Amino acid sequence: ATSAIIKEYTQADLPRLYDTAGRFDAKTAFQDRINSIHGLWDQMSLVCPDHVALNDPIHDGGVKMTYRDAAARITLLAGGLQALGVCKGDKIGLFAENSYRWALIDGAVLKAGAVDVVRGALGPVSELAFILRDSDSKACIVQDATLLQSMATEMGSTLSLPQTGFVIVMDSGGLSGEDIRHKCGMS
Numbered sequence: 001a002t003s004a005i006i007k008e009y010t011q012a013d014l015p016r017l018y019d020t021a022g023r024f025d026a027k028t029a030f031q032d033r034i035n036s037i038h039g040l041w042d043q044m045s046l047v048c049p050d051h052v053a054l055n056d057p058i059h060d061g062g063v064k065m066t067y068r069d070a071a072a073r074i075t076l077l078a079g080g081l082q083a084l085g086v087c088k089g090d091k092i093g094l095f096a097e098n099s100y101r102w103a104l105i106d107g108a109v110l111k112a113g114a115v116d117v118v119r120g121a122l123g124p125v126s127e128l129a130f131i132l133r134d135s136d137s138k139a140c141i142v143q144d145a146t147l148l149q150s151m152a153t154e155m156g157s158t159l160s161l162p163q164t165g166f167v168i169v170m171d172s173g174g175l176s177g178e179d180i181r182h183k184c185g186m187s
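Residue numbers for the sequence shown follow the working numbering, so the first one is 1 and each next one is one higher.
Hints are computed from structural coordinates only; laboratory data are not their basis. Hints may contain errors.
[To be verified] With a Cα cut of at most 16 Å, we get these calculated EDC-like pairs of lysine to aspartate or glutamate:
#1 91 <-> 106
#2 91 <-> 154
#3 183 <-> 136
#4 88 <-> 116
#5 91 <-> 116
#6 64 <-> 50
#7 183 <-> 144
#8 183 <-> 171
#9 88 <-> 136
#10 88 <-> 106
#11 91 <-> 136
[To be verified] What follows is a list of derived Cβ distance ranges for each label pair:
#12 134 <-> 51: 31 to 41 Å
#13 133 <-> 20: 50 to 60 Å
#14 146 <-> 55: 24 to 34 Å
Being a predicted model, the structure only gives us computed values, none of them experimental. Backbone N, C-alpha and C fix where the C-beta goes; we use that ideal spot for every residue, glycine too.
Using the sequences and the hints given, assemble the complete structure.
The following block contains the structure:
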């Protein structure tokens, strides 16, 4: 069974997925078939499940992930966010540089029904703090413990946001959650 936003392809549809030069034609392939951005991951996992969706040669010794695997991880992460209390329309601060992790968590935030408030992790910490405060974000997802430590220093150990329900660190650098809280003065 597929979700309501995904429409199955028949064999007759497959030639239409490619232009005359043999390149994948996303506009033709998905026109009138997807009504959300996050639905694209599920759709691509049906159309070409074993094709590489994410290729990140920089992080974790190089990561290649198929559409099938990416869509499954996005669904799992979205469920985790919902279990943490994320609801439709909630705003989630997402401060990270481009990586496979960013693509997965971005898709998960959207699939959970939330809105991600994004900024690169290399932005000034004062700007990231302002964005988080001004956006009325329910939670914050940061690239790594170093960024969290800088933000905690800038904003106070509780990130000065009573509405912030939780913080997720995308790359713990091998630290436990307790070690990160201690390092950031959030114990």
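Evaluated hints:
A distance of roughly 12 Å separates the Cα atoms of residue 91 and residue 106; the hinted pair therefore holds under the 16 Å criterion. Only pairs whose Cα atoms come within 16 Å are accepted, and residue 91 paired with residue 154 is rejected, the gap being roughly 21 Å. The straight-line distance between the Cα atoms of residue 183 and residue 136 is roughly 25 Å, outside the 16 Å bound, and the hint therefore fails. For the proposed pair residue 88 and residue 116, the alpha carbon gap of about 11 Å is at most 16 Å, so the pair holds.
Note on residue 91 and residue 116: the hinted pairing holds, with a Cα-Cα distance of about 6 Å set against a maximum of 16 Å. For a cut-off of 16 Å, the pair hint linking residue 64 to residue 50 stands: about 11 Å separates their Cα positions. Between residue 183 and residue 144 the alpha-carbon distance is near 12 Å, which keeps this suggested pair within the 16 Å criterion. The suggested pairing of residue 183 with residue 171 holds, with an alpha-carbon distance near 14 Å, which does not exceed 16 Å.
This hinted pair checks out: residue 88 and residue 136 have alpha carbons roughly 14 Å apart, not beyond 16 Å. Using a Cα cut-off of 16 Å, the hinted pair residue 88 and residue 106 holds, with the two alpha carbons roughly 14 Å apart. Between residue 91 and residue 136 the alpha-carbon distance is near 7 Å, which keeps this suggested pair within the 16 Å criterion. For residue 134 and residue 51, the hinted distance range of 31 to 41 Å is satisfied, since their beta carbons lie about 39 Å from each other.
Judged by the Cβ atoms, the range 50 to 60 Å given for residue 133 and residue 20 holds: they are separated by roughly 51 Å. A hinted range of 24 to 34 Å for the beta carbons of residue 146 and residue 55 is consistent with their spacing of about 25 Å.
Checked against the numbered hints given earlier, the structure breaks hints 2 and 3 and satisfies all the rest.
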